[in-house]
Amino acid sequence: MLAHQTKPRTLNFYGEGIPYLKDVLIKGKLVVIEGPDGSGRSTQIQSITSKLESDGHAVVNTGLKRSELIGKGILEAKQRLPLGKKTLTLFYAADFVEQLEHKIIPALQAGYVVLADRYIYTLIARSIVRGLSSRWSHELYGFAPVADLVFYLDVKPDELFHRVFQKYGVLDYYESGADIGLAPDLYDSFIAYQTRMAKEFSVMARQYDMIRVDGNKPISEVNATLQEKIDGYLNSS
Amino acid sequence: MKARNHMTDDARSKGVLIVVEGIDGSGKSTQLHLLDKWLRSKGLLVFTTEWNSSDVVKEITSKGKKKALLTPTTFSLLHATDFADRYERNIAPLLRAGYVVLADRYVYTAFARDFVRGCSSHWVRKVYGFAAKPDIAFYFQVPIDTAMNRILVGRPKLKYYEAGMDLNLSNDPFDSYRMFQSRIIEQYESMSEHDDFTVIDATQDIEEQQMIVREKVMSVLPASIANQIEKTPPVITTPSSAPLQAGENC
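Those protein sequences? They're chains A and B, same order as listed.
Residue numbers for the first sequence follow numbering that gives the first Met the number 0, beginning at 0 and rising by one.
Residue numbers for the second sequence follow numbering that gives the first Met the number 0, beginning at 0 and rising by one.
Hints may be right or wrong, so weigh each one.
Capping the alpha-carbon separation at 30 Å, the derived lysine-lysine pairs in DSS-like fashion look like this [claimed, not checked]:
no., chain 1, residue 1, chain 2, residue 2
1, B, Lys62, A, Lys64
2, A, Lys71, A, Lys166
3, B, Lys132, A, Lys102
Derived CB-CB ranges, DEER-like [as the list claims (entries may be wrong)]:
no., chain 1, residue 1, chain 2, residue 2, range
4, B, Leu151, A, Tyr19, 46 to 56 Å
5, B, Asp174, A, Lys198, 32 to 42 Å
6, A, Arg134, B, Asp54, 49 to 59 Å
7, B, Glu192, A, Asp187, 51 to 61 Å
8, A, Ala223, B, Asn167, 23 to 33 Å
9, A, Ala109, B, Lys13, 32 to 42 Å
10, B, Lys65, A, Leu80, 21 to 31 Å
11, A, Ala182, B, Leu151, 16 to 26 Å
Keep in mind the hints are simulated off the structure, nothing from the lab.
For each residue, glycine too, the CB sits at the ideal point set by N, CA and C.
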């Protein structure tokens, strides 16, 4: 069912915002699904996108490391030489803001539902888990618009390990926290890293009004929960 | 050494950080070059770093500039990434190791330019919150006309971002450049007191300026080193050996 024509509103930012965009009017909605690799994010986003489109909503998908200019640059740079923690954090922020200004905000202006496969929260958590100042990490993303709905797919690290291993046959270097030397063994490192990430998310859940969804449950059950909440939100606003 | 910024992780730094700031054509790079030569000739460990020069980001920035794809906030964060890479790779460890680190432009360039381009100045300062406060921040103060004459001699064209064309101040690159640089000057002037700039009158002769710069630098070198250095008048080599062509690092 189509929502009623929503009234245009100005962007609401988490922090200092982007001064030159303060008068921009948006009609769309920003819905974020957060969660580690293996939490089922992509599957859920595919299915939610189809459902929303069949209900008549125009949907745009975004994610991390997808900007035209910088996304590729990060991958290349990482392959060439190890990057420092602050450098990497700022690089991700640059990639994010490129998509924010070229894709997310224009889509919101045009009235799209922007379905984001992760947003600033993963980037903030990664930065804090790597030992950078929590305050600095949050303030860095003060330019980000406040999301309308944020879900966090919470999956036990042990379950994640099996899902990731079954899907890819190998653990991602950074997603296992191998770059920060948490443990000599990759399994221990993965568990320790994911546990720390989950802890940061539980802190952020309060700060950013996240809805925690139990991602240990079957895909269909998780999907029903997400879809119900998203539909409810879109139809009520 | 004096106390550094509390947010930085190199509070126990043994080195000395000296930065030069000023608009294109203020002569700051020439002064830094002569300072570098002098300190090296005295046997000190010196490292010089330039704005927007990290291998990691340079290519992306230049691609983005060609396509004029860069919004002010993207531009700002790319410069911050570039700075962080040089900071983590060179500046911070070398300060810890006792080097004299010379920076041709530092965080103040970002504070001025990003604000003029439309970013929040509070936010930009927070982004660079990890950067150590310099022992000396020289600001080369120069009237806009003097700087423009120095820059524009023999240059028929200005580049898009260099001229600040992205700010839509004027359709004429030269008018735009002038307005852009004037706004940058305003920012430097307003920061001067808050950020403890050591102001140098950049209309003076190169040699006079260099004398003043060296005296100021002597005053922040550890006493043991300063005592070894004789106060010799600057030996100015041929001007062509100095990087006089500025404006490439915008």
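Q) If you check the beta carbons of Ala182 (chain A) and Leu151 (chain B), does the distance land in 16 to 26 Å? A) Given range 16 to 26 Å: violated, Cβ gap about 59 Å.
Q: Could you grab the alpha-carbon distance between Lys71 (chain A) and Lys166 (chain A) and see if it respects the 30 Å cut-off?
A: Within the cut-off at roughly 24 Å; holds.
Q: Hint says 32 to 42 Å; check whether the CB-CB distance for Asp174 (chain B) and Lys198 (chain A) agrees.
A: 55 Å, violated
Q: Starting from Lys132 (chain B), check that the Cα of Lys102 (chain A) is at most 30 Å away, please.
A: 37 Å, violated
Q. For the pair Glu192 (chain B) and Asp187 (chain A), does the Cβ-Cβ distance stay inside 51 to 61 Å?
A. At roughly 53 Å between Cβ atoms, Asp187 (chain A) and Glu192 (chain B) fall inside 51 to 61 Å, so the hint holds.
Q.
For the hint 46 to 56 Å, verify it against the beta carbon of Leu151 (chain B) and that of Tyr19 (chain A).
A. Taking Cβ atoms as reference, Leu151 (chain B) and Tyr19 (chain A) lie about 29 Å apart, which means the hint is violated.
Q: Measure nothing beyond the straight line between the CA atoms of Lys62 (chain B) and Lys64 (chain A); if it is 30 Å or shorter, mark the hint as holding.
A: 17 Å, holds
(Q) Please check whether Lys65 (chain B) and Leu80 (chain A) have a Cβ separation lying inside 21 to 31 Å. (A) 24 Å, holds
Q) That 23 to 33 Å hint for Ala223 (chain A) and Asn167 (chain B) (C-beta), does it hold up? A) Given range 23 to 33 Å: violated, Cβ gap about 50 Å.
Q | Distance restraint evaluation - Arg134 (chain A), Asp54 (chain B), Cβ atoms, bounds 49 to 59 Å | A | 30 Å, violated
Q. Per the hint of 32 to 42 Å, is the separation of the Cβ atoms of Ala109 (chain A) and Lys13 (chain B) within bounds?
A. The hint (32 to 42 Å, Cβ to Cβ) is violated, given that Ala109 (chain A) and Lys13 (chain B) are roughly 56 Å apart.
The structure does not agree with the numbered hints 3, 4, 5, 6, 8, 9 and 11 stated previously, though it agrees with the rest.
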